[in-house]
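These protein sequence lines are chains A and B, in that order. So the first sequence is numbered by full-length UniProt numbering: it starts at 1 and just counts up by one. So the second sequence is numbered by full-length UniProt numbering: it starts at 1 and just counts up by one.
Treat the hints with care, since some could be wrong.
[Said to hold, decoys possible] With a Cα cut of at most 27 Å, we get these calculated DSSO-like pairs of lysine-lysine:
1) A:K5 x B:K5
2) B:K47 x A:K9
3) A:K47 x B:K9
4) A:K9 x B:K41
5) A:K121 x B:K41
6) B:K103 x A:K118
7) A:K117 x B:K99
8) A:K99 x B:K63
9) A:K5 x B:K2
10) A:K164 x B:K41
11) A:K121 x B:K117
12) B:K169 x B:K99
13) A:K103 x B:K117
14) B:K99 x A:K118
15) B:K9 x A:K5
16) A:K2 x B:K5
17) A:K9 x B:K2
18) B:K118 x A:K118
19) A:K2 x B:K9
20) B:K9 x A:K169
21) B:K5 x A:K9
22) A:K169 x B:K41
23) B:K121 x A:K99
24) A:K73 x A:K103
25) B:K41 x A:K2
26) B:K164 x A:K41
27) A:K103 x B:K47
28) A:K47 x B:K5
29) B:K121 x A:K117
30) B:K99 x A:K121
31) A:K99 x B:K99
32) B:K9 x A:K41
33) A:K41 x B:K169
Don't read these hints as lab results, they were simulated from the structure.
There are 2 protein chains.
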Amino acid sequence: MKIPKPTVKRLAIYYRCLERLVDKGIDNISSRQLAEMLHIKDTQVRKDLSYFGNFGRRGFGYKTRVLLDEIRKILGIHKRWNVIIVGAGNIGKAIARFKQIEKHNFKITGIFDVDRKKIGKRINSDLIVMSVDEMENFIEKTGSELAVIATPAEAAQLIADRLKNSGIKGIICFAPVTLNTDIPVEYVDITIFFKTLVHSVISLSHNI
Amino acid sequence: MKIPKPTVKRLAIYYRCLERLVDKGIDNISSRQLAEMLHIKDTQVRKDLSYFGNFGRRGFGYKTRVLLDEIRKILGIHKRWNVIIVGAGNIGKAIARFKQIEKHNFKITGIFDVDRKKIGKRINSDLIVMSVDEMENFIEKTGSELAVIATPAEAAQLIADRLKNSGIKGIICFAPVTLNTDIPVEYVDITIFFKTLVHSVISLSHNI
Chain A
1 MKIPKPTVKR
11 LAIYYRCLER
21 LVDKGIDNIS
31 SRQLAEMLHI
41 KDTQVRKDLS
51 YFGNFGRRGF
61 GYKTRVLLDE
71 IRKILGIHKR
81 WNVIIVGAGN
91 IGKAIARFKQ
101 IEKHNFKITG
111 IFDVDRKKIG
121 KRINSDLIVM
131 SVDEMENFIE
141 KTGSELAVIA
151 TPAEAAQLIA
161 DRLKNSGIKG
171 IICFAPVTLN
181 TDIPVEYVDI
191 TIFFKTLVHS
201 VISLSHNI
Chain B
1 MKIPKPTVKR
11 LAIYYRCLER
21 LVDKGIDNIS
31 SRQLAEMLHI
41 KDTQVRKDLS
51 YFGNFGRRGF
61 GYKTRVLLDE
71 IRKILGIHKR
81 WNVIIVGAGN
91 IGKAIARFKQ
101 IEKHNFKITG
111 IFDVDRKKIG
121 KRINSDLIVM
131 SVDEMENFIE
141 KTGSELAVIA
151 TPAEAAQLIA
161 DRLKNSGIKG
171 IICFAPVTLN
181 TDIPVEYVDI
191 TIFFKTLVHS
201 VISLSHNI
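Turn these sequences into a full structure, and let the hints guide you.
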């Protein structure tokens, strides 16, 4: 079943919210409550969730724990994913040290760079920067399936090609480029978020 | 004029591509070429750009430099924006040190934290971590209009309220929460990108 990407993103947001509710010991939630917390329409919540079967009971809402487990399976985060990072600059290091990722079942197995000054540097208790020359062997040895590209724009395409050829199945791309590849890519160009924000700010001030 | 957010995001991506073309000395580009580089449909490119008037000439394409200037104005990045960062953890520091942002006319003016161990630490040649107690005064003094929230989830809403009350007009939120505020927010929850990616990878493997 092909689920549209906006729906997938909302599922991940419902998931985040449900985790917090379960932590707080809240067992039940209605689509209206969920919608209010996330500032979306409750018809949208119901539509998104009904996609996958009937999780809720009319008038009784959803069982938070059941819904959490279901979304976990739908998203594919019920299993652990091994992730490598290419590029040990500011962004690559921040991702390597970002504890939230591990909490969500993603394990950063290795970090690579071309810069001799960075290779051998310790990032945290588990990770030392390796040379990109070792990347292909490492991917095979560790069975890493996902990769983060945090290289400069110019290097990203070549790295993406090498990653795909080594068996990587999906890429998170922080480099400001559009990659030419047939494996799934999620783009996180931070400057695009800034530009989109500025446009919203300006449009709003024009309307006043 | 209210432009849909997906269009705004694509404009920012056209902009990124046009910058590279101008750097390479390429003066003209057709919508088809632009579409091919970005793996989208050329009808989409033409539709997006025709939104703002007639930049191209049928059969002659777009003048890269003219289009770049126009998109810059539409997005609102022809002026400089002062930005503060709240939270000097891994993500906050990475954003503070991320040179791409400055290159795009966003100036990081200050970075704040509540942690006494972090306050006073140097982030780069321009920035030293300040106490959040100084945040409101600093925003006023520097005329900062945008803010990055890179705090833990629990702190984000209170910070967002304080930012709005101090005159901040837009927020980039890295904290994994949905904020309750009426100023524009762009959300960058890195774990959501990982989850969305995993879903694409899994769907693809099911289809094979």
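Taking the hints in turn, this is what the structure says about them:
Proximity of K5 of chain A to K5 of chain B is assessed by CA-CA distance (about 15 Å); at most 27 Å being required, the pair is judged to hold. For the given pair, K47 of chain B sits about 25 Å from K9 of chain A by alpha-carbon distance, which is consistent with the 27 Å threshold. For the hint linking K47 of chain A to K9 of chain B, the alpha-carbon distance of about 25 Å falls within 27 Å, and the restraint holds. The hinted pair formed by K9 of chain A and K41 of chain B meets the criterion: a straight-line CA distance of about 23 Å does not exceed 27 Å.
Only pairs whose Cα atoms come within 27 Å are accepted, and K121 of chain A paired with K41 of chain B is rejected, the gap being roughly 44 Å. Distance check on the hinted pair: K103 of chain B and K118 of chain A sit about 24 Å apart at the alpha-carbon level, within 27 Å; holds. A hinted pair counts as satisfied when its Cα atoms are at most 27 Å apart, and K117 of chain A with K99 of chain B qualifies at roughly 19 Å. Distance restraint check for K99 of chain A and K63 of chain B: the Cα-Cα separation of roughly 46 Å exceeds the 27 Å cut-off, and the hinted pair is therefore not satisfied.
Only pairs whose Cα atoms come within 27 Å are accepted, and K5 of chain A paired with K2 of chain B is accepted, the gap being roughly 23 Å. In summary, the hint linking K164 of chain A to K41 of chain B is supported, as the alpha carbons are separated by about 24 Å, within the 27 Å threshold. Taken as a hint, the K121 of chain A and K117 of chain B pair is honoured in the structure, with Cα atoms around 24 Å apart against an allowance of 27 Å. This hinted pair checks out: K169 of chain B and K99 of chain B have alpha carbons roughly 23 Å apart, not beyond 27 Å.
Our distance criterion of 27 Å between C-alpha atoms is met by K103 of chain A and K117 of chain B, whose separation comes to about 25 Å. For the hint linking K99 of chain B to K118 of chain A, the alpha-carbon distance of about 18 Å falls within 27 Å, and the restraint holds. For the hint linking K9 of chain B to K5 of chain A, the alpha-carbon distance of about 15 Å falls within 27 Å, and the restraint holds. Under the criterion of a C-alpha separation no larger than 27 Å, the hint pairing K2 of chain A with K5 of chain B is consistent with the structure, at around 23 Å.
For the proposed pair K9 of chain A and K2 of chain B, the alpha carbon gap of about 23 Å is at most 27 Å, so the pair holds. Between K118 of chain B and K118 of chain A the CA atoms are separated by roughly 24 Å; this keeps the pair inside 27 Å, and the hint holds. This hinted pair checks out: K2 of chain A and K9 of chain B have alpha carbons roughly 23 Å apart, not beyond 27 Å. For the given pair, K9 of chain B sits about 25 Å from K169 of chain A by alpha-carbon distance, which is consistent with the 27 Å threshold.
Taking the CA atoms of K5 of chain B and K9 of chain A, the gap is near 15 Å; set against the 27 Å cutoff, the hint holds. Taking the CA atoms of K169 of chain A and K41 of chain B, the gap is near 25 Å; set against the 27 Å cutoff, the hint holds. Only pairs whose Cα atoms come within 27 Å are accepted, and K121 of chain B paired with K99 of chain A is accepted, the gap being roughly 22 Å. Only pairs whose Cα atoms come within 27 Å are accepted, and K73 of chain A paired with K103 of chain A is accepted, the gap being roughly 16 Å.
Distance hint between K41 of chain B and K2 of chain A is fulfilled; the C-alpha atoms sit about 20 Å from each other, no more than 27 Å. Among the hinted pairs, K164 of chain B with K41 of chain A is consistent with the structure: their alpha-carbon atoms are about 24 Å apart, no more than 27 Å. Of the pairs offered as hints, the one joining K103 of chain A and K47 of chain B is violated, with about 42 Å between alpha carbons and a cut-off of 27 Å exceeded. Taken as a hint, the K47 of chain A and K5 of chain B pair is honoured in the structure, with Cα atoms around 22 Å apart against an allowance of 27 Å.
The suggested pairing of K121 of chain B with K117 of chain A holds, with an alpha-carbon distance near 24 Å, which does not exceed 27 Å. Annotation: proposed proximity of K99 of chain B to K121 of chain A holds, straight-line Cα distance about 22 Å (limit 27 Å). Under the criterion of a C-alpha separation no larger than 27 Å, the hint pairing K99 of chain A with K99 of chain B is consistent with the structure, at around 24 Å. With a C-alpha separation of about 23 Å, the suggested pairing of K9 of chain B with K41 of chain A holds against the 27 Å cut-off.
Restraint check for K41 of chain A and K169 of chain B: satisfied, since their Cα atoms lie roughly 25 Å apart, inside the 27 Å limit.
Hints 5, 8, 27 from the list above are not met by this structure, while the remaining hints are.
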